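Spelled out from the first residue to the last, the chains are:
2 protein chains.
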Amino acid sequence: MLKKILYPTDFSDVANKALDFIKEMKVAGAEEVVILHVIDKRFFDAMAWYATKDLPEIEKDLIKEVTRQIEPIEKELKDLGFRVKVRIETGDPFTEILRVEREENVSSMAIGSHGISNIKEMFLGSVSEKVIRKAKKPVHVIKR
Amino acid sequence: MLKKILYPTDFSDVANKALDFIKEMKVAGAEEVVILHVIDKRFFDAMAWYATKDLPEIEKDLIKEVTRQIEPIEKELKDLGFRVKVRIETGDPFTEILRVEREENVSSMAIGSHGISNIKEMFLGSVSEKVIRKAKKPVHVIKR
Numbered sequence: 002m003l004k005k006i007l008y009p010t011d012f013s014d015v016a017n018k019a020l021d022f023i024k025e026m027k028v029a030g031a032e033e034v035v036i037l038h039v040i041d042k043r044f045f046d047a048m049a050w051y052a053t054k055d056l057p058e059i060e061k062d063l064i065k066e067v068t069r070q071i072e073p074i075e076k077e078l079k080d081l082g083f084r085v086k087v088r089i090e091t092g093d094p095f096t097e098i099l100r101v102e103r104e105e106n107v108s109s110m111a112i113g114s115h116g117i118s119n120i121k122e123m124f125l126g127s128v129s130e131k132v133i134r135k136a137k138k139p140v141h142v143i144k145r
Numbered sequence: 002m003l004k005k006i007l008y009p010t011d012f013s014d015v016a017n018k019a020l021d022f023i024k025e026m027k028v029a030g031a032e033e034v035v036i037l038h039v040i041d042k043r044f045f046d047a048m049a050w051y052a053t054k055d056l057p058e059i060e061k062d063l064i065k066e067v068t069r070q071i072e073p074i075e076k077e078l079k080d081l082g083f084r085v086k087v088r089i090e091t092g093d094p095f096t097e098i099l100r101v102e103r104e105e106n107v108s109s110m111a112i113g114s115h116g117i118s119n120i121k122e123m124f125l126g127s128v129s130e131k132v133i134r135k136a137k138k139p140v141h142v143i144k145r
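First to last, the sequence lines map onto chains A and B.
Going by this note's numbering, the first sequence opens with residue 2, and the numbers climb by one from there.
Going by this note's numbering, the second sequence opens with residue 2, and the numbers climb by one from there.
If you are wondering where the hints come from, they were derived from the structure by calculation, not from laboratory data.
The reader is advised that the hints may include incorrect statements.
[Stated by the list, open to error] Cross-link-like lysine-lysine pairs, in silico, DSSO-like; alpha carbons within 27 Å at most: (1) K4(A) - K65(B); (2) K27(A) - K18(B); (3) K131(A) - K61(B); (4) K86(A) - K144(A); (5) K131(A) - K76(B).
[What the hints assert, rightly or not] Anything over 12 Å on all C-beta distances counts as not near chain A; from chain B, calculated: (6) K27; (7) K42; (8) D55; (9) I71.
Computed from a predicted structure; not experimentally measured.
Glycine included, C-beta positions come from ideal geometry on N, C-alpha and C.
I would like the entire structure built from these sequences, with the hints used as guidance.
Right, here's the structure in full:
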């Protein structure tokens with residue numbers, strides 16, 4: 002159940018706790034981690050209204066920033082002996098997480114119970130709950 | 002996150018899969034399992050309407066039957082080197098699971114995503130979802 006673990010992260014504290022869980026799973030047979038960050042299409046669209054840059058440029062900036070934030074996580078996992086794959090997707094977080102779960106054929110998934118802040122969580126609706134409901138494989142829900 | 006794991010079971014197939022997960026966690030530091038079965042107070046009440054026996058007698062029979070079903074699980078875990086505690090509670094499954102989670106101060110919990118059958122699940126409402134939402138500690142949600 003643990004060979005290949007999907008790790009969707011929004012870089013929140015609770016997502017970091019989910020990473021701690023994954024690290025503990027090394028000894029139980031975890032070999033590979035798929036780090037996933039979803040750039041929320043709705044924020045992205047909203048931003049485009051206000052920004053002076055054009056859309057492809059904003060997306061490029063966002064991907065660069067997300068890559069920068071993922072790098073230390075990737076390094077940490079590799080140092081511990083995990084194989085690591087990084088995926089950055091743009092879209093609806095719920096849909097993208099489930100799509101990647103299936104595409105990557107992971108053994109399980111570790112996610113935080115809440116998003117980056119209560120406000121964001123309210124705005125997003127309950128991404129975690131929808132993911133837990135629809136996931137095919139075991140979900141390790143890490144609490145705040 | 003794994004030292005003491007709560008294992009609420011309704012003896013369904015998916016609850017059995019959650020047990021497989023717990024067994025895999027031995028090597029990752031899991032030491033103790035609290036096996037919990039909640040006798041659903043609502044079924045119990047409903048049964049009392051039809052039964053010719055009185056309530057305390059029905060409850061005694063149910064506890065005996067549940068104990069019989071827990072015994073092989075308890076033995077299996079002990080044979081693997083786990084410390085095991087068995088709790089049989091009567092009440093609302095959601096409330097009792099969360100009460101025992103806190104009382105036993107567990108490190109995490111492994112539960113099935115669904116109850117013993119779709120029909121029962123519909124009747125019960127979504128016990129797992131409510132537990133996941135309100136649990137204090139990580140929840141490992143095992144899917145059908």
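Going through the hints against the structure:
A C-alpha spacing of about 39 Å is found between K4(A) and K65(B), which places the hinted pair above 27 Å, so the restraint is violated. For the given pair, K27(A) sits about 21 Å from K18(B) by alpha-carbon distance, which is consistent with the 27 Å threshold. The suggested pairing of K131(A) with K61(B) is violated, with an alpha-carbon distance near 39 Å, which exceeds 27 Å. Under the criterion of a C-alpha separation no larger than 27 Å, the hint pairing K86(A) with K144(A) is consistent with the structure, at around 24 Å.
At most 27 Å may separate the alpha-carbon atoms for a hinted pair to count; K131(A) and K76(B) exceed this at roughly 36 Å. Residue placement check: K27(B) does not keep its beta carbon more than 12 Å from all beta carbons of chain A (closest about 8 Å). Distance check on K42(B): its Cβ is at least 26 Å (rounded) from any Cβ of chain A, clearing the 12 Å threshold; non-interface status holds. Interface exclusion of D55(B) from chain A stands, the closest Cβ pair being 41 Å apart, more than 12 Å.
With a closest Cβ-Cβ approach of about 23 Å to chain A, I71(B) is found to remain outside the 12 Å limit, as its non-interface label requires.
In this structure, the earlier hints numbered 1, 3, 5 and 6 are contradicted, and the remaining ones agree with it.
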